[in-house]
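Chains as they are written, first to last, in our numbering: chain A, 1 to 597; chain B, 1 to 597.
Any given hint could turn out to be false.
Copies of one chain are not kept apart here, so a pair can be met inside one copy or by any two copies together.
To be verified - Distance condition first, Cα-Cα at most 30 Å in a straight line; then the derived DSSO-like pairs of lysine-lysine:
no. : residue 1 : residue 2
1   : Lys49     : Lys278
2   : Lys49     : Lys524
3   : Lys403    : Lys82
4   : Lys82     : Lys216
5   : Lys323    : Lys371
6   : Lys49     : Lys596
7   : Lys596    : Lys371
8   : Lys278    : Lys371
9   : Lys189    : Lys366
10  : Lys189    : Lys524
11  : Lys49     : Lys371
12  : Lys223    : Lys189
13  : Lys524    : Lys325
14  : Lys323    : Lys278
Please keep in mind that the hints were generated in silico from the structure rather than gathered at the bench.
Bear in mind that the values here come from a model prediction, so they are computed numbers and not experimental data.
There are 2 protein chains.
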Amino acid sequence: MLSALGCPKSRGGCPDQRQPEEWEMEKSVQGPPGQPGGSRLVGGSYPQKNAEILSSQYGINLFLAGLLLMFAWAVHAVGIRKQDLLSYLITIMLIQLLWMLWYICRSYTQRRLIQEKDTHAGARWLKCGITLFAVITLILDSFKIGYFIGFSNCLSATEGIFPVTHAVHTLLQVYFLWCHAKDIIQSFKTLERFGVIHSVFTNLLLWTNGVLTESKHQLNEHKERLITLDDQVPECNCTTTLCSIFSQGMYYLYPFNIEYHILASTMLYVLWKNIGRKVEHHHQHKILFKFHGITVGMIFGLIVLISTIAVVVVYLIQMGRSKIKSELALTMFYLYGISVLTLMCATGIVALLIYRLEERSMDNSKNPARKLDADLLVGTASGSWPLSWGSILAIICAQSHPKYTWYNLPYSILVIIEKYIQNLFIIESILREEEKVNDNIKTLRIGTVSSGSTLSLTPSYKEIYTGAADMDNGKFPYMFDGNIYMRERSGGDGFDEVRSQASSPVTHSTSNFSLYSRNSVNNKRRILKNIAAFLFLCNLSLWIPPAFGCRPEYDNGLEEIVFGFEPWIIVVNLAMPFSIFYRMHSAASLFEVSCKT
Amino acid sequence: MLSALGCPKSRGGCPDQRQPEEWEMEKSVQGPPGQPGGSRLVGGSYPQKNAEILSSQYGINLFLAGLLLMFAWAVHAVGIRKQDLLSYLITIMLIQLLWMLWYICRSYTQRRLIQEKDTHAGARWLKCGITLFAVITLILDSFKIGYFIGFSNCLSATEGIFPVTHAVHTLLQVYFLWCHAKDIIQSFKTLERFGVIHSVFTNLLLWTNGVLTESKHQLNEHKERLITLDDQVPECNCTTTLCSIFSQGMYYLYPFNIEYHILASTMLYVLWKNIGRKVEHHHQHKILFKFHGITVGMIFGLIVLISTIAVVVVYLIQMGRSKIKSELALTMFYLYGISVLTLMCATGIVALLIYRLEERSMDNSKNPARKLDADLLVGTASGSWPLSWGSILAIICAQSHPKYTWYNLPYSILVIIEKYIQNLFIIESILREEEKVNDNIKTLRIGTVSSGSTLSLTPSYKEIYTGAADMDNGKFPYMFDGNIYMRERSGGDGFDEVRSQASSPVTHSTSNFSLYSRNSVNNKRRILKNIAAFLFLCNLSLWIPPAFGCRPEYDNGLEEIVFGFEPWIIVVNLAMPFSIFYRMHSAASLFEVSCKT
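Please work from the sequences and hints to get the whole structure.
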């Protein structure tokens, strides 16, 4: 459906069909960029690292200026109104729109300029995810437009222009990401760098704006529970009947808007990192999602998902009704959290133990998309941990302890441990999966050299070569992509032979050993697939409570008493967006792991 | 003096004397780490990337727990006293002490285990700098001990134990960094990773503690100017006569303590990144600082330095005396700042233009120390920019503008632009300086292949090889390290020959061209050296005002009116440490650039 958006055929959703050898040839003729005798002339192209620093510093300043404006607005600074902030956001969105239009036109007219693609970037599931979030963001924009029409008498014009611009921006950006997320830009590099980094930080600012708006809303809701207070309604009456629906509905859509912008900025960041990059290898691995083989993981995961929805519904209904009901809801939430997190920790440890039992080397080749994935996991987990440490500290230091607060202690500790273990599992999974052929050739060579064997190597190499050739034709022997069906189709005799020879080049390989090893690997792989699927659904489940306003950090009251209301609000509002994004991002990563294992 | 600290000879200050070839041999026999057939056994060594994630997540949590404790103390949380925070800091310092002792003992008894060195890490000027700051930190500790003795009746024991532990920690850490900062750890990797990352984050926490204590003091001083308020004096009388000297003197020493901890943590971070790394090349470049040839830069820099000290003294004396005197002091400060920053921008642009005129490729090899340098420059500049953006926003939005506030606008804009340009200059300088031989060989090969020449390549290669051999013997032809004396000693005929042949393999190189090019390069190099020396002294100068309490951001009052007192205090206290560290770090980098150019 969406791949028919009309991207120019030569660089659309489908990867380039040429063979790796062709790439290598083309590059060696052009000469590597940045070499003195090559394409670099005096005053001509700019060194890559410098252009990176030049553009990133521009982007950071664009972002900081907006951030300060937002901060000023949030603290009710004198002379700074909402329309100033919105005008700034509209301006940078329009600049991005112009740049994207220019880029799309140029790449349409000069199709031969952008040829290389990063197959790791802009995965299909990522594009589908961003499209889903974009659609919901468009609904949010239409709600905002409706709200503006209702209150148009007392709202400034920017409040109407903003959602319109945002909707156009969203449409064009999604089209841009579908068609160009995999591009490796090799022309007009310095200019493109500015355009892409501008887009990255524009999305980050829109993300911050979303987070801020949502936090303000959450805070007001929380205050409303304490005292009746509502400073959000404009000073005139709504002219249509739908205003309250719009203003209520908006806040259920914000979590998706927030996810949309953060995903867009990560995809654009990868595009930015890829500018001028030399691609070393071109594996084309399609991710095929199959339900078969992960039934156990899926069933348990779905149980967790359904019970989460039930818990959230009960929590939201019970909270704030009476003291006893609130305490019961909190106790229920913590007990549910403790059991889910314990399960997740246990499965994560099992997965790591399985990895320790398997001898496999890591793929250490340079890869911006993968490095960003790992950094985002650790970074967002670190951003969310202060919340848990705050709760732990509050429980230890509090003077009085109602019974339900004690459940908060194991819950907070488990949140930290679970993210710790899960990050280890995901990052190891991301790093393990590829480049098996090369490694085995290397191993064979080293093993043979170190044991000083004088046997002829020709037969072994030939067999490996057959395996490698099979890979290029898309018939992966089963160890390479873990797909057991392909193994059965191709007879499964190619790789085990190679493997046993590789690990002991001077000794004998019996078919018994080979069969045992195949079964064992097969079982391990199935367990890993199930664990990844289970963790995927668990992370999706844990994303729901904070995204839909179920926040025990506000409701249990203990941290507020210890830290004070304002300081604790600051901690929660800084850490919560990271926590929500962490769940979304780890779910996405685990989906990928589950498909690739 | 300090190299005679008693480091074991085989790994002390002096780098290993073996030739690169020996390294390569040793590595190929051992087999690359992490390969399945090599040293990795089931359950044995842990994949490198995982161990990195495992230890870094531990460190982050150690840091976050301390940070929350500090935050709780700063916001006067219920039940959290200063001794809780100090106990935590004492505990983690003791753990680091134990680990360092174990590491030093083990490396002393098993000298053969740690053999490889990263020659880029732990430069001598860095070690000397950290020793200077450590000495001042020890004085600070002794002041704290003296203060504790005076008030021992009403202070908790932890306030005495903390400076004692800190002094021991400082002594051992400086010894550790002198002897082991260059180590590339290859054994007990996972354990060492935990030890080193623990040390990194312990220093970061001590840095945060220093920043917090200093900010609190600055804030109190500022409040004192507004209303008479002093909540810092303990509730009993001092038993000695020196208490007021100690409590006053302490705050002049804090800036050095803060610098000491941040430098220590960066050095330890490089040590951590180097664990298990494979070193690719072993250039030994000693930095020789020579005053000759940078006289102009030094003279102008010293003028700036002296005038800065004068401005700061006048500012601190005049500020707060009367409204007119305060406004005059502010006007003087801004005008001084504008002129210095304009000069710095201009020289930075000249330096960048010179780089654009020179054809040179960048060294893109992996190097943790260099990458960290670049990241720290951009990162700390980004951390300090909110201060300038806040001022700009305040000036634009303020309702009333006293005359002196207008000077703040160009000043703030220039601060942003100056850091922007300076970062570009420093990072390009860091990346340009090495690996010239390899690049020229590559260029020659590409040039020859692309022009389809059939000439015999043997003579050209031979000449390049002679140049390369010269380099290994320490006699760098002048283009390689820019030292004009060496060029004159070695006759200067080696490289220009190679260079002209490399850029035009099929054409003729006349000696006229060679002579002209040599002079031109020589002049450019001298200009760059002077610029680096000038910028070095300017950065040192700009470090002085904020470090010694000359803070127009508080004193001019405009931002406080626009943002409100509390929000603006938060912005300043978050951004100011970055600003101070940026000046210190860029001064250090520019010193290196000036020596190496």
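Q: List in ascending order the numbers of the hints, as given earlier, that are violated by the structure.
A: 5, 12, 13, 14
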